[in-house]
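Engineer: Listed below, chain by chain, are the residues.
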Amino acid sequence: MHDENVGHATTTGLDNRKMLMWVFLASDCLFFGSLISTYMVMRSQSGVGPFPGDIFDILYTSVSAFVLLMSSLTMVLSLSALQRGDHKNTRIWLLATAFLGAIFLGGQYYEFTVFVAEGLTLSTNIFGTTFFVLTGFHGTHVAIGVMMLLSMYGASVLGKLPQSSSINLELVGLYWHFVDIVWIVIFTIVYLIPS
Amino acid sequence: METQLATFLAYSPLIGMVIGMGSAAAFLILYKANQMRQLRVESAGSEAEDDHPTPTLYAQIAGILLIITIIEVVVVIIDIGTLILIPVLLILSAIKFGFVIGYYMHLKFDHKLFSTMFLGGLFLAIGVMAALIGLFGNFTLPSDTVLAESSSHEKHHLTHVDSPLMTVLGLSGSDDGHSEESASASSGSMTITSGESGVEFAFAPATVEVAAGESVQLIFDNKGTIAHDFAIPELGFAIESTDAGQSGSGTLAVPATPGTYDFICSIPGHKEAGMVGQIVIN
Numbered sequence: 000m001h002d003e004n005v006g007h008a009t010t011t012g013l014d015n016r017k018m019l020m021w022v023f024l025a026s027d028c029l030f031f032g033s034l035i036s037t038y039m040v041m042r043s044q045s046g047v048g049p050f051p052g053d054i055f056d057i058l059y060t061s062v063s064a065f066v067l068l069m070s071s072l073t074m075v076l077s078l079s080a081l082q083r084g085d086h087k088n089t090r091i092w093l094l095a096t097a098f099l100g101a102i103f104l105g106g107q108y109y110e111f112t113v114f115v116a117e118g119l120t121l122s123t124n125i126f127g128t129t130f131f132v133l134t135g136f137h138g139t140h141v142a143i144g145v146m147m148l149l150s151m152y153g154a155s156v157l158g159k160l161p162q163s164s165s166i167n168l169e170l171v172g173l174y175w176h177f178v179d180i181v182w183i184v185i186f187t188i189v190y191l192i193p194s
Numbered sequence: 000m001e002t003q004l005a006t007f008l009a010y011s012p013l014i015g016m017v018i019g020m021g022s023a024a025a026f027l028i029l030y031k032a033n034q035m036r037q038l039r040v041e042s043a044g045s046e047a048e049d050d051h052p053t054p055t056l057y058a059q060i061a062g063i064l065l066i067i068t069i070i071e072v073v074v075v076i077i078d079i080g081t082l083i084l085i086p087v088l089l090i091l092s093a094i095k096f097g098f099v100i101g102y103y104m105h106l107k108f109d110h111k112l113f114s115t116m117f118l119g120g121l122f123l124a125i126g127v128m129a130a131l132i133g134l135f136g137n138f139t140l141p142s143d144t145v146l147a148e149s150s151s152h153e154k155h156h157l158t159h160v161d162s163p164l165m166t167v168l169g170l171s172g173s174d175d176g177h178s179e180e181s182a183s184a185s186s187g188s189m190t191i192t193s194g195e196s197g198v199e200f201a202f203a204p205a206t207v208e209v210a211a212g213e214s215v216q217l218i219f220d221n222k223g224t225i226a227h228d229f230a231i232p233e234l235g236f237a238i239e240s241t242d243a244g245q246s247g248s249g250t251l252a253v254p255a256t257p258g259t260y261d262f263i264c265s266i267p268g269h270k271e272a273g274m275v276g277q278i279v280i281n
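Here the protein sequences come in this chain order: A and B.
Heads up, the first sequence is in numbering that gives the first Met the number 0, so the first residue is 0 and it goes up one at a time.
Heads up, the second sequence is in numbering that gives the first Met the number 0, so the first residue is 0 and it goes up one at a time.
Honestly, the hints are just simulated from the structure, not real lab data.
We treat Cβ as the ideally placed atom computed from N, Cα and C, and that holds for glycine.
Treat the hints with care, as some may be off.
Stated by the list, open to error - List of simulated lysine-lysine pairs, DSS-like, C-alpha gap at most 27 angstroms: (1) A/K17 x A/K87; (2) B/K270 x A/K17; (3) A/K17 x A/K159; (4) A/K87 x A/K159; (5) A/K17 x B/K222; (6) B/K270 x B/K222.
As the list claims (entries may be wrong) - Interface residues of chain A toward chain B, partial, derived using beta-carbon atoms under 8 angstroms: (7) W21; (8) C28; (9) T37; (10) Q44; (11) S63; (12) V66; (13) L68; (14) N167.
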């Protein structure tokens with residue numbers, strides 16, 4: 000029987016899938032780095048409003064940031080449970096993580112709605128363009144992460160996520176934590192640092 | 000300062016709620032994690048307890064992350080001054096970043112090669128960001144003044160611009176300029192700039208007036224940091240793309256009928272970013 004989760008010998012002695020995930024995350028740093036610096040360069044260049052100071056609600060966004068931070072904790076608890084073979088807690092924490100991710104997305108949807116109502120769209124000014132492209136791509140990452148978490152939950156329920164293949168959950172976890180650290184940076188640079 | 004204090008006080012119930020919610024969540028998680036650890040210790044018996052993070056440690060880190068986030072928000076709300084604020088915020092978020100990649104993403108305990116791969120990309124990204132910000136300049140943190148000026152540009156209303164260029168190029172448009180002083184003021188030449196006072200995407204002046212039927216020499220002076228052009232689409236007039244720091248010119252045959260037309264920068268996205276003004280024909 001072929002067991003795909005044992006992993007074959009590699010020249011580095013490390014799991015290639017995990018290496019690939021780290022390389023992907025490194026490349027994603029460049030992706031978000033470009034978007035963040037574009038935002039920083041352009042945000043105060045708009046000729047017409049609304050300007051950043053007019054529409055940001057820092058406390059609202061702090062709660063979103065808090066929700067995403069906590070989802071990182073539930074994620075790591077889920078992995079830790081699976082590594083101990085505790086499937087019940089694996090699923091509970093997985094669902095909690097997906098739930099917190101969904102709350103974050105809902106919060107972002109609401110925030111975007113408020114901004115559009117206040118007159119800021121993708122094409123209002125260059126601040127709107129760079130802001131929505133940056134946070135929109137982050138939101139897309141979160142949405143993909145929620146789908147990955149739910150598919151992990153499904154796999155666990157169907158018994159296809161045994162303790163021996165905890166690497167699968169670990170990879171999803173790496174992606175999920177990365178989305179969280181990107182938000183740590185966006186939250187600080189986009190929302191907290193005054194423009 | 001008083002208004003900031005008022006804002007802070009107005010928000011304090013919300014802050015209290017967030018802190019309360021956070022503490023409650025942290026407490027519950029710590030309690031649950033402790034239970035799990037005890038179960039594990041019971042089941043694992045004497046199995047070696049290496050320096051691998053335990054759920055308790057994960058929860059403690061979450062508490063630290065939460066406290067740092069609260070500090071960040073509080074220093075922004077009470078406004079400790081831009082000069083201190085920015086380094087403080089950057090250091091605090093770097094600490095959060097470090098905790099998440101070190102413990103939650105396990106880099107601290109994993110093979111060094113993973114760290115090398117990721118940190119390599121991260122530093123490359125930081126380099127790209129520094130290069131982008133350096134190249135495209137105009138990165139001024141307290142930009143309130145720039146923003147204030149940009150809105151006053153909108154209202155700026157000039158019939159002609161007193162610039163050295165105008166006197167040099169003067170009267171290039173029409174022959175009868177010498178005989179009629181008032182006409183020569185509104186015909187002749189006119190300078191419109193972009194990138195004035197660090198506002199990249201705006202024209203100054205945003206409104207110009209010209210006399211119907213005249214021939215006007217329009218000079219477009221790009222003082223910004225990237226290429227722009229100047230076009231009046233409805234009149235089929237355009238000054239081609241002008242690089243940063245350069246100027247271009249063209250002669251506009253003003254229609255005989257009064258009207259108002261938009262002038263824009265036709266580079267995609269620039270009009271939407273604010274590069275639009277009006278030319279009024281009297």
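Engineer: Does A/S63 hold up as a contact with chain B if the rule is Cβ-Cβ below 8 angstroms?
Structural biologist: violated, 11 angstroms
Engineer: Within a Cα-Cα threshold of 27 angstroms, do A/K17 and B/K222 meet the stated pairing?
Structural biologist: Violated, at roughly 50 angstroms.
Engineer: Tell me if the interface restraint on A/T37 is satisfied: Cβ within less than 8 angstroms of some Cβ in chain B.
Structural biologist: The hint holds - A/T37 has a Cβ within 8 angstroms of chain B, the shortest such distance being about 7 angstroms.
Engineer: Tell me if the straight-line CA distance from A/K17 to A/K159 falls inside 27 angstroms.
Structural biologist: This hinted pair holds, its Cα atoms lying about 19 angstroms apart.
Engineer: Checking hints one by one. Is A/W21 an interface residue toward chain B, by the C-beta closer than 8 angstroms rule?
Structural biologist: Constraint on A/W21 satisfied, holds at 5 angstroms.
Engineer: Less than 8 angstroms between beta-carbons is the criterion; does A/L68 satisfy it with respect to chain B?
Structural biologist: OK, holds: A/L68 within 8 angstroms of chain B, min 5 angstroms.
Engineer: Would the hint on A/N167 be counted as holding, given a Cβ-Cβ threshold of 8 angstroms to chain B?
Structural biologist: Not OK, violated: A/N167 not within 8 angstroms of chain B, min 15 angstroms.
Engineer: Return the status of the interface hint for A/V66: holds when the least beta-carbon distance to chain B is below 8 angstroms, violated otherwise.
Structural biologist: violated, 10 angstroms
Engineer: For a C-alpha distance cap of 27 angstroms, please report whether A/K87 and A/K159 respect it.
Structural biologist: holds, 14 angstroms
Engineer: Report holds or violated for the interface hint on A/C28, using the least CB-CB distance to chain B and a cut-off of 8 angstroms.
Structural biologist: A/C28 check passes; min Cβ-Cβ to chain B is 4 angstroms, inside 8 angstroms.
Engineer: Given the hinted pair B/K270 and B/K222, is their alpha-carbon gap at most 27 angstroms?
Structural biologist: Holds - the C-alpha atoms of B/K222 and B/K270 are around 17 angstroms apart, at most 27 angstroms.
Engineer: For A/K17 and A/K87, compute the direct alpha-carbon distance and say whether it is at most 27 angstroms.
Structural biologist: holds, 25 angstroms
Going through the hint list in order, the structure does not satisfy hints 2, 5, 11, 12 and 14.
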